[in-house]
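Engineer: Line by line, the protein sequences give chains A and B. Heads up, the first sequence is in our numbering, so the first residue is 1 and it goes up one at a time. Heads up, the second sequence is in our numbering, so the first residue is 1 and it goes up one at a time.
You can take every hint at face value.
FRET-style restraints, in silico, Cβ to Cβ:
no., chain 1, residue 1, chain 2, residue 2, range
1, A, Ser-110, B, Asp-92, 47 to 53 Å
2, A, Ser-110, B, Ile-162, 55 to 61 Å
3, A, Cys-198, B, Pro-123, 49 to 55 Å
4, B, Phe-90, A, Gly-201, 33 to 39 Å
5, B, Ile-142, A, Leu-142, 38 to 44 Å
6, B, Lys-8, A, Gly-69, 47 to 53 Å
7, B, His-60, A, Thr-171, 42 to 48 Å
It should be emphasised that the hints constitute simulated quantities derived from the structure, not laboratory data. Bear in mind that the values here come from a model prediction, so they are computed numbers and not experimental data. From the three backbone atoms N, C-alpha and C, an ideal C-beta is built for every residue, glycine too.
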Amino acid sequence: MFDLNLISIFISSIFIENILLAYFLGMCSFLAVSKRVDTAMGLGQAVVFVLVLTAPINWIINQYLLLPGALAFIGLPNVDLQFLQFITFISVIAAVVQLVEMIIEKFSPSLYMSLGIFLPLIAVNCAILGVSLFMVEREYSLIETIVYSAGSGIGWWLAIVAMASIREKITYSNVPEGLEGLGITMITTGLMSIGFMCFAGINLVNEESDNPALYDEEKNSIDFMEQNNDNIYS
Amino acid sequence: MSISKIMKKSIWTSNPIAFQVLGVCSALAVTVQLKSGLVMGLALTFVVSGSNVILSIMRHYIPHRIRIIVELAVISSFVSVLDLFLQAYFFDISKTLSVFVGLIITNCIVMGRAEAFALANDPIPSFWDGIGNGTGYALVLIAIASFREIFGSGSLFEIQIIPESFYDMGYSNNGLVLLPPSAFILLGLIIWSLKTLGGAQGEE
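Okay, chain A solo, but in the shape it has when bound:
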């Protein structure tokens, strides 16, 4: 059954729970590489690519090797390897990145020229590991994981390209000394994040938000708005 749930995961991972603007993941490379639009495009594509590859691999490893009882098929039903989760995930990511780099270099030198320099950066991008950890925490199925990783990657791509365009414009404007560079970038990101919060009203499937912390924050903001309305009307 192709249900609305998958579309919901996809849309919410791009807009509502944007991995960069709502969870702050991948900030380091976001700040470092968002100075020009074309490099931002390159890094964004590379992130989507690596995410869609690594998250399903990590899902399979987690499901069939690490979870309690997962090793029952070789006669070890009582083994729980979950403590190896972090080290496995990060090794998979580093290995996949290395492999992708070598394959691209061999078969498509032009793609390597545009993506290649970003690939080593990606191994330590928190967004990649973050998606793998979120997928475990939210207990997604394999299909949901693929959709979620694609959505998160696209959301990150969207955010970094938007940011790079803004920063290209900022070069021409008069920013106070001391606020230049990093400071103004953080504040602009904050304003973008406010913009993306407008999508929070979209609700395709009637369900509670997956992240209880964010859900509370949404409730708080609704309470806050209601209080303000009361103030206006009273």
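Since the structure of chain A is provided, determine the placement of chain B on it from the hints.
Structural biologist: Chain B in isolation, oriented as in the chain A frame:
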């Protein structure tokens, strides 16, 4: 380099968050409450100093080409230990921090210090460098977290500090401070003030 010099450099003049743009990933996500911010700061200090010492001891035996993988393996072992410890003794906090404990592995501060300091220095300076950077990170986290908790929830360490009479006079908590955008903006302002107060300009 003497220990006090290392400490001063890493906490103030080249503070990892404010001047080196490292580790902002997790700095913003865990600062809704002072308690989680503080625990995150301590956790990161533990991981940086621990992995710095181990990597510094091993530095003559690590082949240059595979050093990133070795660094990641050492760091993620420390993070696994830390995660199990938090789950065993501070279950509530470990639930609040959720995936962000695991994300210490990819925190740029840890990798950055390993690359820039531990692989070139002796274990003891590396240890203090880790402590210093962890503290510098924790201080920024504490600053953001206390601001957000005071103005967002009217409390500190979950103890209410804004008196009830203020609310009776029409004061209300600013819900916006609890939301993600304000974290970005606050950090921007902190960087601005630190730069104006005159640390080194480490950026770019």
